[in-house]
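Starting from the known structure of chain A, fit chains B, C and D onto it as the hints suggest.
Number of protein chains: 4
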Amino acid sequence: MTAGQPPRVKVKLGENNYGKAEVNLMKIGRDTPRHEIRDVQVRVAMTGDFGAAHAQGDNTDLIATDTVRNTIYGLAKEGFAGSIEEFGQELIAHFVKTGSRVTGGFAEFTEHLWERLPTGDGQGHAHAFVRQMPKRTARVESGDGKTFKVTSGIQELYLLKTTQSGWEGYLLDERFTTLPETHERVMASSVTCKWEYAVDSCDYDDVWQRVFGQLQATFPDHYSPSLQNTLYRMGEAVLNACPEISRIWFQMSNKHHLVYNLARFGLENRNEILHVDPEPYGLMEAWVERAE
Amino acid sequence: MTAGQPPRVKVKLGENNYGKAEVNLMKIGRDTPRHEIRDVQVRVAMTGDFGAAHAQGDNTDLIATDTVRNTIYGLAKEGFAGSIEEFGQELIAHFVKTGSRVTGGFAEFTEHLWERLPTGDGQGHAHAFVRQMPKRTARVESGDGKTFKVTSGIQELYLLKTTQSGWEGYLLDERFTTLPETHERVMASSVTCKWEYAVDSCDYDDVWQRVFGQLQATFPDHYSPSLQNTLYRMGEAVLNACPEISRIWFQMSNKHHLVYNLARFGLENRNEILHVDPEPYGLMEAWVERAE
Amino acid sequence: MTAGQPPRVKVKLGENNYGKAEVNLMKIGRDTPRHEIRDVQVRVAMTGDFGAAHAQGDNTDLIATDTVRNTIYGLAKEGFAGSIEEFGQELIAHFVKTGSRVTGGFAEFTEHLWERLPTGDGQGHAHAFVRQMPKRTARVESGDGKTFKVTSGIQELYLLKTTQSGWEGYLLDERFTTLPETHERVMASSVTCKWEYAVDSCDYDDVWQRVFGQLQATFPDHYSPSLQNTLYRMGEAVLNACPEISRIWFQMSNKHHLVYNLARFGLENRNEILHVDPEPYGLMEAWVERAE
Amino acid sequence: MTAGQPPRVKVKLGENNYGKAEVNLMKIGRDTPRHEIRDVQVRVAMTGDFGAAHAQGDNTDLIATDTVRNTIYGLAKEGFAGSIEEFGQELIAHFVKTGSRVTGGFAEFTEHLWERLPTGDGQGHAHAFVRQMPKRTARVESGDGKTFKVTSGIQELYLLKTTQSGWEGYLLDERFTTLPETHERVMASSVTCKWEYAVDSCDYDDVWQRVFGQLQATFPDHYSPSLQNTLYRMGEAVLNACPEISRIWFQMSNKHHLVYNLARFGLENRNEILHVDPEPYGLMEAWVERAE
Chain A
0 MTAGQPPRVK VKLGENNYGK AEVNLMKIGR DTPRHEIRDV QVRVAMTGDF
50 GAAHAQGDNT DLIATDTVRN TIYGLAKEGF AGSIEEFGQE LIAHFVKTGS
100 RVTGGFAEFT EHLWERLPTG DGQGHAHAFV RQMPKRTARV ESGDGKTFKV
150 TSGIQELYLL KTTQSGWEGY LLDERFTTLP ETHERVMASS VTCKWEYAVD
200 SCDYDDVWQR VFGQLQATFP DHYSPSLQNT LYRMGEAVLN ACPEISRIWF
250 QMSNKHHLVY NLARFGLENR NEILHVDPEP YGLMEAWVER AE
Chain B
0 MTAGQPPRVK VKLGENNYGK AEVNLMKIGR DTPRHEIRDV QVRVAMTGDF
50 GAAHAQGDNT DLIATDTVRN TIYGLAKEGF AGSIEEFGQE LIAHFVKTGS
100 RVTGGFAEFT EHLWERLPTG DGQGHAHAFV RQMPKRTARV ESGDGKTFKV
150 TSGIQELYLL KTTQSGWEGY LLDERFTTLP ETHERVMASS VTCKWEYAVD
200 SCDYDDVWQR VFGQLQATFP DHYSPSLQNT LYRMGEAVLN ACPEISRIWF
250 QMSNKHHLVY NLARFGLENR NEILHVDPEP YGLMEAWVER AE
Chain C
0 MTAGQPPRVK VKLGENNYGK AEVNLMKIGR DTPRHEIRDV QVRVAMTGDF
50 GAAHAQGDNT DLIATDTVRN TIYGLAKEGF AGSIEEFGQE LIAHFVKTGS
100 RVTGGFAEFT EHLWERLPTG DGQGHAHAFV RQMPKRTARV ESGDGKTFKV
150 TSGIQELYLL KTTQSGWEGY LLDERFTTLP ETHERVMASS VTCKWEYAVD
200 SCDYDDVWQR VFGQLQATFP DHYSPSLQNT LYRMGEAVLN ACPEISRIWF
250 QMSNKHHLVY NLARFGLENR NEILHVDPEP YGLMEAWVER AE
Chain D
0 MTAGQPPRVK VKLGENNYGK AEVNLMKIGR DTPRHEIRDV QVRVAMTGDF
50 GAAHAQGDNT DLIATDTVRN TIYGLAKEGF AGSIEEFGQE LIAHFVKTGS
100 RVTGGFAEFT EHLWERLPTG DGQGHAHAFV RQMPKRTARV ESGDGKTFKV
150 TSGIQELYLL KTTQSGWEGY LLDERFTTLP ETHERVMASS VTCKWEYAVD
200 SCDYDDVWQR VFGQLQATFP DHYSPSLQNT LYRMGEAVLN ACPEISRIWF
250 QMSNKHHLVY NLARFGLENR NEILHVDPEP YGLMEAWVER AE
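Residue numbers (numbering that gives the first Met the number 0), protein chains in the order written: chain A, 0 to 291; chain B, 0 to 291; chain C, 0 to 291; chain D, 0 to 291.
Extracted from the complex, chain A is given alone in its bound form:
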């Protein structure tokens, strides 16, 4: 502090957490010749009484983030027998038990999905795989290491339909509206979603598959008057198919496929030649919830 600066003000630590991010872990099940793989990127963050570390530089009883990494790999060996949602609970419970200053935390997962390489018999290869889109996600949060709030999700499911979509009847701002109405357009969206549970535990893998199936089935099953309406219908379908889920959140980008103006070149364009505009895009976010 040099002369002329204001006198030192009193400060305090607010909400905080720390941990390890981008821990890339693969677990291979080798119990039978037909191997199983789980390929995840993990972030673990701890919450608790970390005031002395911040304010005084006192690291007493702090779990090093390097220890967090080691623990993730160690517990993956001893546990992680099921879903990422369950593994997240194992991790948080462990850190709360181990660190006297740790009272809670969260674990976040991004899971890469792999498909067995094709074989003649249709069974898929026993130990060879090819990576797929989209990605599966999960987040487990706890304030005490005993009770957990679990969220699951899907990342970057890129869907498109070439017809049965429109955008009409909206506000015609006298100054700034230039977009013409249409009942025939291409609709494309990179869908990210996450959902919360109405139950304490369930078959998370099975729920994920059901959600994934509902999104793919609902996206094309209706004329879409707006991305918002399709979002809502997808949420409704998920809540119908999955009694385990209490509510679901979508972030859906509207990836604009603009009809390129070919009339200037003496060519007709019946929605056949489109500019896939990377930017900007409409972006819709909403929760769809059970009504009672």
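These are computed hints drawn from the structure, not numbers from a lab.
For glycine and all other residues, C-beta sits at the position ideal for the given N, C-alpha and C.
There is no bait here: all hints are sound.
For lysine-lysine, the following DSS-like pairs were computed, each having C-alpha atoms within a straight-line distance of at most 25 Å:
#1 C:Lys96 / C:Lys76
#2 D:Lys134 / B:Lys134
#3 A:Lys134 / C:Lys134
#4 C:Lys148 / D:Lys11
#5 C:Lys254 / A:Lys26
#6 B:Lys193 / A:Lys11
#7 B:Lys11 / A:Lys193
#8 A:Lys76 / C:Lys254
Label pairs and their computed distance ranges (CB to CB):
#9 C:Thr102 / D:Glu291: 23 to 29 Å
#10 D:Asp276 / B:Asn270: 43 to 49 Å
#11 D:Arg33 / B:Glu21: 38 to 44 Å
#12 C:Leu257 / A:Gly168: 53 to 59 Å
#13 D:Arg33 / A:Gly81: 53 to 59 Å
#14 D:Gln131 / C:Asp30: 52 to 58 Å
#15 D:Asp30 / C:Arg7: 37 to 43 Å
#16 D:Arg33 / C:Arg174: 29 to 35 Å
#17 B:Asp30 / D:Glu155: 28 to 34 Å
Which chain D residues stay away from chain C? Per the calculated CB distances, all over 10 Å, these:
#18 Pro32
#19 Glu89
#20 Gly103
#21 His111
#22 Trp113
#23 His124
#24 Arg130
#25 Gln131
#26 Gly142
#27 Leu156
#28 Tyr157
#29 Thr191
#30 Gln208
#31 Gly265
#32 Asn268
This is chains B, C and D only, laid out in the frame that chain A set:
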């Protein structure tokens, strides 16, 4: 719905918003031969009464996201005379006024900073620029279009020091701790931060510069016993230098620079040869706030 | 030029080209209710007599890159009835014909592949799709606009096998070799490849599918003593299955899946718990060619 | 191979190389309290007699890519006293000497540049730094481990000028030209360049600084009739200022800043409000060479 599925459940719309993302806008001030530029990526999202659009596909009085884009460019011409923080307020106020269903919303900015190209006289070029790191950010949120919560920030300020950093005295977990203690290490962090204001309005550009200066001055001015402590000191310095700021949040990654084991090759390594490990990294998040 | 600088040297233009990059184009076939889509990112570059433009700033007879863009969309409407390899030839031929200074050029394509959304009857949806990995690529080059060198490829085919791979018998450098030999490891690779043709034209779509099939069939069908050997076998399989192809080039990264050292924690690790190391990676590049 | 497939054809190995990519290395000079840092990402690839490894899976005398990594760090300690261009030569020479099958190879560097944090005395901090743009690159190639072809470069130097640029007099294609001519536009380019040397060795750091200075000085010093002409002028300036350089290659993207059509909203737009279009972009590539 096919046979065998559960009866249709009742659903409702929860929290939601929509708008336009990744609107890339440059505004050039040409009033004098010494031009000024602002280069921003904008996201605007509106909140309000959008239930009919979601549930019934009724778009009545909805502002199209294409209109949002046009408006951003149009208002940038008429307004945007000052900071992104002020432009965000202009935008949200406009949409609340324009859309009968819009009650609020938020605007987010990522601003690319440019420096004048060097000239012999040290003044910098009048109309030629080179892009810089880090980036400036802002977020403006409002529930009514009249009162605003403003947050400002810095993104990807990558700092490093080659000494005056250590990590000691932490919990030695009997099983999972393998990291040796050290009082001499390289510390590197990609700093992202954001702050809230104690005042209704201020010179946002000037505050940003002061924060930027404090981060650069504080990062190296002490022996760092942990990234957490350095984070806290940076927050303290900012709150001292900027009475306009009520609290500041940091997300600081600990980019590990690992001393490469050269002893295996008969070579000594006095912290000179390091592996810059991209993954995993420690990740610290905390608010530093005024104590009273 | 200021005083003290060396006298002006004579310079000339060397090899050069210009054009438009990242033109994102979708073409939808709507002739029947079962729609077809092609989703490509195109770069077109022209070569020719562009000396005056560079040296004197004389743009006479230069085709604007904006015209290149318009032309890509226009010709996509009139042509692009088949593969990207054929469309590339249409494009280059057009620019050579149109621009008096243009003598040749190249067109590069990255094609996003889409799969029909699943339907109950196994036929796939008539107009709704989900985006897939990997990507298809092509490059068409010509010096005269009449004869063409065509290259096709696959980008980012991420393959992994959990066993039947090793790395033994290599040079044990007395100083710098620390890696132990193994006959049991995980092998993973993000495969990029491209191939040249022995024929003037062929069914490019069909060839691509055969190559894709061969890569997936060959990758797991042997014990792999090295990524190089697997690369070679994949090349051999492709040349066997595709008489249309003269040679094929692979770039295969060796994505290291490191057995995490759990012995430190009293745990056995039989290749089950692995660190998926993002960096560094082995990188192999080779052409596999017909022997006579 | 199953029945019905064509008989096995003879194949052979073509041009090939292998090595390690994305080796992230920092070297810190600690000889005085004023530390120096070099922060590089390295790729090393070896060429030579690798036929047996590919065709027979015989790894005899092959240098493991893990050994390549160890060697990069080890030699960085023993050597790397100067520029990346010289370090590349040390590396390739080493691998040719060490591997009986290795006859040559190449080393590629991407160097992150750091600036000292500001201090009151204008000297910059002794051991604290902030990362800068653009990046410095180099490539060293050799067929024998004794003679080297060195290329140096700059990556992602993002330049912009708000005036003194136009695009006129080009070909007006009767069908596909829609762009109006202009003598007043914004010109922006992300410049990547690389140069070859007329001398066997020189002060590579000093040359790099001179090139960097010339690019920044030349970009704004003229009215630009085209990006091609500015590219050529930048090349001419570099060849004038750097007798060590034989020729220089540029890849310059034309990042279009489109005047947003505000007339539709009753607003005049004198090149003030622009859409920074991310895609597509003009892309120019050219060598500028000494004329005799």
